[in-house]
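Participant: Now for the letters of each chain:
2 protein chains.
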Amino acid sequence: MSESNELALIAEKLDAADELAELRGKFTLDDVVYLDGNSLGALPAHVPDRMRDVLCRQWGELRIRSWEESGWWTAPERIGDRIAPLIGAAPGQVVVGDSTSVNVFKALVAAVRMAGDDRDEILVDATTFPTDGYIAESAARMTGRTLRALTPAEIPAALGPRTAAVLLNHVDYRTGRLHDLPALTAAVHDAGALVVWDLCHSAGALPVGLDAHGVDLAVGCTYKYLNGGPGSPAYLYVRRDLQPRFDSPLPGWNSHAEPFGMSAEYRAAPGAVRGRVGTPDILSMLALDAALDVWDGVSVEAVRAKSLALTDFFLRCVTEYTEPGRLECVTPLRHEERGSQIALRCSDAAEVMPRLIERGVVGDFRRPDVLRFGFTPLYVGFAETERAARVLAGALT
Amino acid sequence: MSESNELALIAEKLDAADELAELRGKFTLDDVVYLDGNSLGALPAHVPDRMRDVLCRQWGELRIRSWEESGWWTAPERIGDRIAPLIGAAPGQVVVGDSTSVNVFKALVAAVRMAGDDRDEILVDATTFPTDGYIAESAARMTGRTLRALTPAEIPAALGPRTAAVLLNHVDYRTGRLHDLPALTAAVHDAGALVVWDLCHSAGALPVGLDAHGVDLAVGCTYKYLNGGPGSPAYLYVRRDLQPRFDSPLPGWNSHAEPFGMSAEYRAAPGAVRGRVGTPDILSMLALDAALDVWDGVSVEAVRAKSLALTDFFLRCVTEYTEPGRLECVTPLRHEERGSQIALRCSDAAEVMPRLIERGVVGDFRRPDVLRFGFTPLYVGFAETERAARVLAGALT
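So the protein lines, in turn, are chains D and V. Residue numbers for the first sequence follow my numbering, so the first one is 1 and each next one is one higher. Residue numbers for the second sequence follow my numbering, so the first one is 1001 and each next one is one higher.
Isolated chain D (complex conformation) (with noise of 0.2 angstroms):
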């Protein structure tokens, strides 16, 4: 109970320390603690008003006037510009729209044109969200190559002359391990293959430094930490000096050097369009771009540093808490391999998020065994985290 007090106190002061503690105040949450961002961002609270806008002017009175007049057609480019200097890249090479699975296969069928017939075989990260692995398997089929599913740390050996192209995760949707990007795309790119980033559980919560490391393609959904709503469309980052070669498997009419001359000969656009399909949604997509306002004047490195202070003290705060061996933390401890969740396993795993969910603490739990906290340090504070690991001790008993 000391012990409960002293940590409360450090919190306290945690919480007064914080300089992004006011982002909290733009986003629509309650007493409970929301550890869930990493599969649904929340509501920046001015969202709907903005989308009230969107519906009654844009479609109700301006209708098929907005494609120009509320820069609807050029929405998908346009909000690709204001995600890029989250993801370290420059402007004009990322495109919003389809999901992310649509773009995995956008991305992984393109970097196997450019790598070359020579080259026949995919790497594929093994521990990946299950839908990447798919599709990474569907793009192999439809190109003629052989997939090969291995661990992060096994496919620096596995690189070679038939490597064409591999596919990989930032960060383990899973166990939160943050793989270490710089390294893996220098190895790829010396076996002469390309490499594509999905940066689904990254980007919003640490830097990536895409343009910095020469990364070929990257994918990424905007619904986590983007907070850009319920499947929220997705992003593809095409490298500028590859755009010329992004030869798509999805060559939409929205991706023609000139989509309103309707010609029978498909042309590919210049840039980063070149990743588009067709109609996009632009409901969903403007949402996002509502979203992303409360980004503006926000360094990513500030929001690393506070990440990884909550998830410290969330894994002390659990461990002042819990019995030892009563969970095991498969996330990494070192902060280089850490990104912004803590995973626990435990044996009762499905039966203790519920409990903890009644309690007020959502996170989720992952087949078989882990119970899943995302950190979102845009609004998740230090006594909510606290109180999460004192509400995870409860439950346990």
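Note that these hints are calculated values from the structure, not bench results. Hints may contain errors.
Ranges of calculated distance between the beta carbons of each label pair, as one might list FRET restraints [as the list claims (entries may be wrong)]:
#1 V:ARG1245 - D:ASP117: 53 to 61 angstroms
#2 D:ALA158 - V:ALA1045: 54 to 62 angstroms
#3 V:PRO1182 - D:ALA158: 48 to 56 angstroms
#4 V:ARG1141 - D:GLY360: 38 to 46 angstroms
#5 D:GLU258 - V:GLY1394: 30 to 38 angstroms
Ideal placement from N, C-alpha and C gives every residue a C-beta, glycine not left out.
Starting from the known structure of chain D, fit chain V onto it as the hints suggest.
Facilitator: Using the frame of chain D, we list chain V on its own:
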């Protein structure tokens, strides 16, 4: 002038007898004559309030719980079942999600795979909206088939033992010509091939009868006559008996038999769900869901009858008001060959359309020389139609 008065009187009578007239009140409209619902349907007036609930309560308060509690997870097939009766499909065969282009890719690749390895040719409607042609080319390239573009009239003679699949438009986006779906479907089947119909310009405007005519696969958008909002998600129809053989080129986790099993092995779900890919864009999808409410109790046959009456009346007014030879109607005059639009050709169409829009009549221009007027029977009336023809005549002189 007396002629104009006579037609205005006829319009008044037609409006008074119109059993669908009261539906106009369900939409946000002003005194513009909106004849561009075949590009972007008008806003159903209740949608913004519904979206406020989706944003503020479902996302803002329930957050991640909404995937279950608000029915987000099953929205693609539930909304598919709401579209099904509008295109003559029994439940369980339509799923909503992705863009039309992406669905064309899924449908055409799946059709080719079902046709078997000995059939090496895909036929595509040469008069199609360009994206279908581009995607067909990619599908052919990625399945090792050749692609041949032909007009729908040329298709029957081109069918043979080499034909794997045929991609056709129900209504030509430019001319408004309605193709003979039952006869073309039967011809394709006689050749042992599969047919994919694009319903973008027919669904919601006329009866389609997918089940009745034994169509194999179909796709369509929802932002034209279904009024789902800008870029609202498209849909995919897979006939029930073909579903077990539907082998998607985009096998995302949402189409897995056990999506939360997080298995590295892909196992396709049974039923229409097999056509899903990644996380659905819930905001756009639920706006469509709300928009479909205006169809409650509306028969597609009544919509078709009014559509033909509107386009007949428009042609009559245009004929009366304009100088002979000034405009050429490229839409067929025979009802069985006409969709729900009238396309008029004149050499100065590019200058005429802006004048029309300035005078409160909104249609659109299709290069090089076509004025396109779409008639949405749910909200377009006869007096407006007479006014549009009168304004058009004035804009031509």
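Participant: Okay, GLU258 (chain D) versus GLY1394 (chain V) on CB: inside 30 to 38 angstroms?
Facilitator: holds, 32 angstroms
Participant: Do the Cβ positions of PRO1182 (chain V) and ALA158 (chain D) conform to the proposed distance bound of 48 to 56 angstroms?
Facilitator: holds, 54 angstroms
Participant: Hint says 53 to 61 angstroms; check whether the CB-CB distance for ARG1245 (chain V) and ASP117 (chain D) agrees.
Facilitator: violated, 31 angstroms
Participant: Could one say that the CB atoms of ARG1141 (chain V) and GLY360 (chain D) fall in the range 38 to 46 angstroms?
Facilitator: violated, 54 angstroms
Participant: Starting from the range 54 to 62 angstroms, see whether the pair ALA158 (chain D) and ALA1045 (chain V) falls in it by beta-carbon distance.
Facilitator: Cβ of ALA158 (chain D) to Cβ of ALA1045 (chain V): about 59 angstroms, so the range 54 to 62 angstroms holds.
When held up to the earlier numbered hints, the structure conflicts with 1, 4 and fits the remainder.
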